[in-house]
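Keeping their order, the protein sequence lines are chains A and B. Residue numbers for the first sequence follow the working numbering, so the first one is -14 and each next one is one higher. Residue numbers for the second sequence follow the working numbering, so the first one is 295 and each next one is one higher.
The set of hints was computed from the structure by calculation and includes no laboratory data. Treat the hints loosely; a few may be bogus.
[Said to hold, decoys possible] List time: in silico DSS-like cross-link candidates among lysine-lysine, alpha-carbon distance up to 30 angstroms:
1. LYS138(A) to LYS42(A)
2. LYS338(B) to LYS42(A)
3. LYS303(B) to LYS68(A)
4. LYS34(A) to LYS68(A)
5. LYS68(A) to LYS42(A)
6. LYS241(A) to LYS138(A)
7. LYS338(B) to LYS241(A)
8. LYS241(A) to LYS68(A)
Every value quoted in this text rests on a predicted model; they were computed, and no experiment measured them.
As a plain string of letters, each chain reads:
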Amino acid sequence: MQSFVAETSVPLAAEPIFHIGSFGVTNSMLAGIVIVAIITLVFSVAAAKSRIRPESKLAYFVENLTEFILSSITGNFGGDEGKARRFLSLFLGLFVFILLNNLFGLLPGMGGSVYVESGGVREALLRPFTTDLNGTVALALISIGTVQYYGIKERGLFSHVRHYFSITTPWWNPMNFLLGPIEILSEIVRLLTLAMRLFGVIYAGEVLIHVIGSLTGNFAWAGTVPAILLEVFFSFIQAYLFIMLSSVYLAIGTTKDDHGSELQSSAKAKRAGASELVSSSV
Amino acid sequence: MQISPDLIKGITIALGAIGPAIGLGLVGAAAVNSVGRNPDAQSKVLTMALIMAGLVDAVMVFVLLIVFSVK
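Make a model of the complete structure from these sequences and hints.
Now the structure itself:
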């Protein structure tokens, strides 16, 4: 039986390149370390060169990127820019890391053409961190863990747990005890969908490029160009989607239930819109 | 009688593509409609539509993942 080319050329799991003790360092971890080094370098150079009157193009670009992320997540926090600034470093880091990893996978030499051989099996030396399910689950755990940590910190442990069991208005309504576990389950589903969406789109993109490359044969250099352009688009969309959804979860998870001024109720209405976005995504 | 796994894979992709295709059509139609009503809000609507398109695409991707992971 002839199988899809993807099953042999792009394995689902990341392969270990070398071992430290019994801990296998996979090719996706190597790529992740490379990307982290690049991000650290670029951002520290940009921070050193940042001036009130822009002199360096790099610093100007990084400042613009930071402001773009800040304005995007400020909307999700109901216009509260102070709160958005508190979490800016997390979301900026996530965005840049995911975006660079997605784009890194499109460079030449990434799809297994630079490889190491172990036991007669070709293993790609570098593989984007986001095409490894372990990597995307780790990223999703960071963002959902932040939601839980700040939810408990801002509300207190008791009222954070109570929040899950107070969907219907009178607290003694027995429906709360049925809806509570579903709410807790939805928290886990959020984690899974965040991880699976990012992994699935980027991994399927790699596979798509491989399949089109093998279908077009000698003309793969021309045939894969539209697929690669599509992947560039998806890289941006997925990185943006990841931080938008994480910030919406964080905004919902850290709200306090105090009824008061009109400002708060309008912020609440905004959050209700945000929660609709979330429920449609789940 | 035996059924080739390739047939199953093909049918899975075909059926799994229907839903997201309809969903993407709805997202696009709604976006074009709302820009037609309110042309000033084009950039906001575009961002929202792209986010929704990303969410809808994920469904298709889950199907592809299942197809790729089944031998």
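Now the hints, each set against the structure:
1. LYS138(A) to LYS42(A): Violated, at roughly 40 angstroms.
2. LYS338(B) to LYS42(A): 28 angstroms, holds
3. LYS303(B) to LYS68(A): 47 angstroms, violated
4. LYS34(A) to LYS68(A): 27 angstroms, holds
5. LYS68(A) to LYS42(A): 29 angstroms, holds
6. LYS241(A) to LYS138(A): 11 angstroms, holds
7. LYS338(B) to LYS241(A): 28 angstroms, holds
8. LYS241(A) to LYS68(A): Roughly 13 angstroms between the alpha carbons, so the hint for LYS241(A) and LYS68(A) holds.
In the structure shown, a violation is registered for the earlier hints numbered 1, 3, in ascending order.
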